[in-house]
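Take a look at the letters that make up each chain.
Number of protein chains: 2
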Amino acid sequence: MLNRVRSAVAHLVSSGGTSSQRSKSPDLPNATSAPPAAQETPKSPRGKPRIEVGGPQKTAEPPVSFSRPTFLQLSPGGLRRADDHIGRAVQSPPDTGRRLPWSTGYAEVINAGKSRHNEDQACCEVVYVESRKSITGVPREPGHNQGFCFYYWGLFDGHAGGGAAEMASRLLHRHIREQLKDLVDILQDPLPPPLCLPCSPRTPGVSKPSQLVSPQSGWSPQKEVTHDSLVVGAIESAFQLMDEQMARERRGHHVEGGCCALVVVYLLGKMYVANAGDSRAIIVRNGEIIPMSREFTPETERQRLQLLGFLKPELLGGEFTHLEFPRRVQPKELGQRMLYRDQNMTGWAYKKIELEDLRLPLVCGEGKKARVMATIGVTRGLGDHNLKVCSSTLPIKPFLSCFPEVRVYDLTQYEHCPDDVLVLGTDGLWDVTNDSEVAATVDRVLSSYEPNDPSRYTALAQALVLGARGIPRDRGWRLPNNKLGSGDDISVFVIPLGGPGSSYS
Amino acid sequence: MLNRVRSAVAHLVSSGGTSSQRSKSPDLPNATSAPPAAQETPKSPRGKPRIEVGGPQKTAEPPVSFSRPTFLQLSPGGLRRADDHIGRAVQSPPDTGRRLPWSTGYAEVINAGKSRHNEDQACCEVVYVESRKSITGVPREPGHNQGFCFYYWGLFDGHAGGGAAEMASRLLHRHIREQLKDLVDILQDPLPPPLCLPCSPRTPGVSKPSQLVSPQSGWSPQKEVTHDSLVVGAIESAFQLMDEQMARERRGHHVEGGCCALVVVYLLGKMYVANAGDSRAIIVRNGEIIPMSREFTPETERQRLQLLGFLKPELLGGEFTHLEFPRRVQPKELGQRMLYRDQNMTGWAYKKIELEDLRLPLVCGEGKKARVMATIGVTRGLGDHNLKVCSSTLPIKPFLSCFPEVRVYDLTQYEHCPDDVLVLGTDGLWDVTNDSEVAATVDRVLSSYEPNDPSRYTALAQALVLGARGIPRDRGWRLPNNKLGSGDDISVFVIPLGGPGSSYS
Numbered sequence: 001m002l003n004r005v006r007s008a009v010a011h012l013v014s015s016g017g018t019s020s021q022r023s024k025s026p027d028l029p030n031a032t033s034a035p036p037a038a039q040e041t042p043k044s045p046r047g048k049p050r051i052e053v054g055g056p057q058k059t060a061e062p063p064v065s066f067s068r069p070t071f072l073q074l075s076p077g078g079l080r081r082a083d084d085h086i087g088r089a090v091q092s093p094p095d096t097g098r099r100l101p102w103s104t105g106y107a108e109v110i111n112a113g114k115s116r117h118n119e120d121q122a123c124c125e126v127v128y129v130e131s132r133k134s135i136t137g138v139p140r141e142p143g144h145n146q147g148f149c150f151y152y153w154g155l156f157d158g159h160a161g162g163g164a165a166e167m168a169s170r171l172l173h174r175h176i177r178e179q180l181k182d183l184v185d186i187l188q189d190p191l192p193p194p195l196c197l198p199c200s201p202r203t204p205g206v207s208k209p210s211q212l213v214s215p216q217s218g219w220s221p222q223k224e225v226t227h228d229s230l231v232v233g234a235i236e237s238a239f240q241l242m243d244e245q246m247a248r249e250r251r252g253h254h255v256e257g258g259c260c261a262l263v264v265v266y267l268l269g270k271m272y273v274a275n276a277g278d279s280r281a282i283i284v285r286n287g288e289i290i291p292m293s294r295e296f297t298p299e300t301e302r303q304r305l306q307l308l309g310f311l312k313p314e315l316l317g318g319e320f321t322h323l324e325f326p327r328r329v330q331p332k333e334l335g336q337r338m339l340y341r342d343q344n345m346t347g348w349a350y351k352k353i354e355l356e357d358l359r360l361p362l363v364c365g366e367g368k369k370a371r372v373m374a375t376i377g378v379t380r381g382l383g384d385h386n387l388k389v390c391s392s393t394l395p396i397k398p399f400l401s402c403f404p405e406v407r408v409y410d411l412t413q414y415e416h417c418p419d420d421v422l423v424l425g426t427d428g429l430w431d432v433t434n435d436s437e438v439a440a441t442v443d444r445v446l447s448s449y450e451p452n453d454p455s456r457y458t459a460l461a462q463a464l465v466l467g468a469r470g471i472p473r474d475r476g477w478r479l480p481n482n483k484l485g486s487g488d489d490i491s492v493f494v495i496p497l498g499g500p501g502s503s504y505s
Numbered sequence: 001m002l003n004r005v006r007s008a009v010a011h012l013v014s015s016g017g018t019s020s021q022r023s024k025s026p027d028l029p030n031a032t033s034a035p036p037a038a039q040e041t042p043k044s045p046r047g048k049p050r051i052e053v054g055g056p057q058k059t060a061e062p063p064v065s066f067s068r069p070t071f072l073q074l075s076p077g078g079l080r081r082a083d084d085h086i087g088r089a090v091q092s093p094p095d096t097g098r099r100l101p102w103s104t105g106y107a108e109v110i111n112a113g114k115s116r117h118n119e120d121q122a123c124c125e126v127v128y129v130e131s132r133k134s135i136t137g138v139p140r141e142p143g144h145n146q147g148f149c150f151y152y153w154g155l156f157d158g159h160a161g162g163g164a165a166e167m168a169s170r171l172l173h174r175h176i177r178e179q180l181k182d183l184v185d186i187l188q189d190p191l192p193p194p195l196c197l198p199c200s201p202r203t204p205g206v207s208k209p210s211q212l213v214s215p216q217s218g219w220s221p222q223k224e225v226t227h228d229s230l231v232v233g234a235i236e237s238a239f240q241l242m243d244e245q246m247a248r249e250r251r252g253h254h255v256e257g258g259c260c261a262l263v264v265v266y267l268l269g270k271m272y273v274a275n276a277g278d279s280r281a282i283i284v285r286n287g288e289i290i291p292m293s294r295e296f297t298p299e300t301e302r303q304r305l306q307l308l309g310f311l312k313p314e315l316l317g318g319e320f321t322h323l324e325f326p327r328r329v330q331p332k333e334l335g336q337r338m339l340y341r342d343q344n345m346t347g348w349a350y351k352k353i354e355l356e357d358l359r360l361p362l363v364c365g366e367g368k369k370a371r372v373m374a375t376i377g378v379t380r381g382l383g384d385h386n387l388k389v390c391s392s393t394l395p396i397k398p399f400l401s402c403f404p405e406v407r408v409y410d411l412t413q414y415e416h417c418p419d420d421v422l423v424l425g426t427d428g429l430w431d432v433t434n435d436s437e438v439a440a441t442v443d444r445v446l447s448s449y450e451p452n453d454p455s456r457y458t459a460l461a462q463a464l465v466l467g468a469r470g471i472p473r474d475r476g477w478r479l480p481n482n483k484l485g486s487g488d489d490i491s492v493f494v495i496p497l498g499g500p501g502s503s504y505s
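Respectively, the protein sequence lines represent chains A and B.
Under this note's numbering, the first residue of the first sequence carries the number 1, and numbering increases by one thereafter.
Under this note's numbering, the first residue of the second sequence carries the number 1, and numbering increases by one thereafter.
It is worth saying that the hints were derived from the structure and are not from the lab.
Some hints could be false.
No copy labels: a pair is met if it fits in one copy or bridges any two.
[Said to hold, decoys possible] Distance condition first, Cα-Cα at most 25 Å in a straight line; then the derived DSS-like pairs of lysine-lysine:
1. LYS114 - LYS397
2. LYS312 - LYS397
3. LYS388 - LYS270
4. LYS332 - LYS388
5. LYS397 - LYS369
6. LYS312 - LYS483
7. LYS270 - LYS332
8. LYS223 - LYS369
9. LYS114 - LYS332
10. LYS114 - LYS369
11. LYS483 - LYS181
12. LYS397 - LYS332
13. LYS483 - LYS368
14. LYS388 - LYS369
15. LYS351 - LYS388
16. LYS368 - LYS388
17. LYS483 - LYS114
18. LYS483 - LYS332
19. LYS397 - LYS368
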């Protein structure tokens, strides 16, 4: 995200951040993928190791390694081109070899110079989940449910360094897998989920959820809990555990900065779209736009932030006020009446200016310039555990939430055609493009390819990235309408909704 | 609201609550309407005094006075019929004499016995707002803006006594008028509102907002503040001041209980629909349904309530847990794993049951049985300052919000026909009727009257109330489909959207 963290970038660069992470998480036993090693040559598109090279050394600072998604299969030379702020070449997986699952399209481009490297990261995986019980070695009953696969796509938009985005792109789906292990049998059982499990997750014994405490039994009224809501809960818990892991390991592994996370899990017929940050997902279906996420910014989360500042004034450190004013209050205005909003209000009213109102507002600015504590422009995501108010020791993390909003889309409720897609983009795309323009590009590009041409989704992703980047003209990158193109990192997934059972898989 | 406050009713009845209020508010100078006096004869439909008589004395308790909206023009005999739980006669303003503004339709019916009196109240007024500055006696400039009128409709659904609803129906529009006095000139000036006013509201001097600190000046970026958002802020502030007045005066004037408030302000071409509670407003326009409110209940506000309990655990008094479980945890389940949700989650996950989880959940139950602290089923409204958890001294008020959500509807953006209406109803209506059924009734009833017959909106309100009440049959009030009708108080306004400039006014 361009300028998402004002001041913090310089602050953190000077403290030596932005290196990528390689540790294997101690929280994630039985990891199927080995941690990447520097300078390793590319493997298969969906293998785990990432190519990493020293970044261009423009200053006397020590070299900083960086990486791009493995599925791009970049050679060291390709990686250097992907890291070139001048050319800003659009990167996609090669048209040869194995495709991404579902023939997913992907394209990315680096920023125009706002940070040394591309701080976006991406991940696309097929993940097998084995029931935790079978791991214990207990013999299966006949007909006992097997594990299942989920399909996974993730976009991670880093700020104040690429470390958090890199770590999340490598580990978040493994946290999700861990959370789903307990649910393998439950999700495949048509009966309602058991409300209570008799013992710890690793203890063998009960093999069928329907034999556990039945949701129909019990002495008090009880709520209906759907299978979907268990998957949502698993994804929410995984985000939290990922954030906690970053907190634990940030010192040892230099995970500076933070990242927005937008991930999609396809499981048992449904897409779960989880968003924490200001990336965006939309479905374009038969020309219709279905929003699958909303953005979390100081403006959209103003009332949550103000409530927290009001209830926990110690978090404001005597430097900030939880009240919002339409502009900064000046000392000479003491005693006058200015418009304000508190945590309960959506409208504005006048209040007499008092001494406390001269403090900096907790939330200020509008649109892309909105900030929490004059520092960060996004209010949900992973990481940022070290983020402080500029020239202060006041931590900002208490105001940030690592929890995503998860929306569920049932793929079986509609017969999708090859032109129906789910588009994921970091804010580099959406800063200069709106939903309707994206839908128009979907129509224009896909209609120019045969419906069964699997390269059409990559072409669409490239068209979306190019359309947001623009072309270099006098004074910067320009769109056809001569407006400024996006100078931010731009990353786009295009997921055809034909699904794993379609001809694309 | 039927059963909205479990236990609390008995608790408060035994402490002598439920009487109506008659004091003139010290906060509302220059009130245009005198406080009502008991046993006064009816005045004009829009006059202020209310008829009040002693209620039927079914027990040895002291007589409790009650009142119905003045515009019903009820005689003492009519008032007794309106108070009859057996007959449940539908009440409307008489078809003779002066109509309600805009030919508004209104109907109500008392509950089937859940409380001694009808705890709903209603208000419909035309309120003139004079600029505060002119009150100071400063001579007006030529062309200086005059005051303005707003039209006002309010439904107040009381619980645990009728006092709060009665007080709100008598005073809330006066609080709104007070808040609007500062805005008389500003709202009629096409320039953007001034962000800062130089002095106190009662100090004369500056006469045109455009001469004040201009929104285009200033040294820092500033937000756009619309005229609409000032009206929204005025309504929000008025709700807060009304609630504070109830808190101050509750002892002296026996304002026990609380109430939901749904009010509509029509001002300068726009309808402002403000809702705090579980009443509902919808517009039916050319057959289309436009929701104009949402309900605030323990279910819809679960995460706000849990966050508050998490951040301020002292409010839970060691008796409650902020976590939600699908049913009450049993002591024998200690150490087992149960589904739960915290303040960050919308999905469910399993957690190991610990001792603290055996406490009562802050939020429990589903649908109409959902409760905060096992007591109250609505989370926004006015009053409830004395409400305690049953058999405890733990106050519930900190979890309740007096702030409404305000939605704005611009009447000038659409040419309305005589069949386009705004329907307001207390939950007695919506518990047994949905939006589509209401829209069908709107169509059926209005099409059976001439478009220019002003009695059609009252007929529609009566049809809606009758349709929700049902008819007395074996074992209670029954709807045509033999389902139970609403046993709650039911109150309905039908506001034609022709507006004050139409032939209806």
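Going down the list of hints, with the structure as the test:
no.: 1; hint: LYS114 - LYS397; in the structure: within (23 Å within a copy, 49 Å between copies)
no.: 2; hint: LYS312 - LYS397; in the structure: both (14 Å within a copy, 19 Å between copies)
no.: 3; hint: LYS388 - LYS270; in the structure: neither (39 Å within a copy, 44 Å between copies)
no.: 4; hint: LYS332 - LYS388; in the structure: neither (29 Å within a copy, 46 Å between copies)
no.: 5; hint: LYS397 - LYS369; in the structure: within (19 Å within a copy, 37 Å between copies)
no.: 6; hint: LYS312 - LYS483; in the structure: neither (43 Å within a copy, 49 Å between copies)
no.: 7; hint: LYS270 - LYS332; in the structure: neither (58 Å within a copy, 36 Å between copies)
no.: 8; hint: LYS223 - LYS369; in the structure: between (43 Å within a copy, 11 Å between copies)
no.: 9; hint: LYS114 - LYS332; in the structure: neither (37 Å within a copy, 58 Å between copies)
no.: 10; hint: LYS114 - LYS369; in the structure: within (16 Å within a copy, 54 Å between copies)
no.: 11; hint: LYS483 - LYS181; in the structure: neither (49 Å within a copy, 45 Å between copies)
no.: 12; hint: LYS397 - LYS332; in the structure: neither (33 Å within a copy, 38 Å between copies)
no.: 13; hint: LYS483 - LYS368; in the structure: within (16 Å within a copy, 53 Å between copies)
no.: 14; hint: LYS388 - LYS369; in the structure: within (18 Å within a copy, 45 Å between copies)
no.: 15; hint: LYS351 - LYS388; in the structure: neither (30 Å within a copy, 33 Å between copies)
no.: 16; hint: LYS368 - LYS388; in the structure: within (20 Å within a copy, 45 Å between copies)
no.: 17; hint: LYS483 - LYS114; in the structure: within (19 Å within a copy, 65 Å between copies)
no.: 18; hint: LYS483 - LYS332; in the structure: neither (40 Å within a copy, 66 Å between copies)
no.: 19; hint: LYS397 - LYS368; in the structure: within (20 Å within a copy, 38 Å between copies)
Hint violations for this structure: numbers 3, 4, 6, 7, 9, 11, 12, 15, 18, all remaining hints satisfied.
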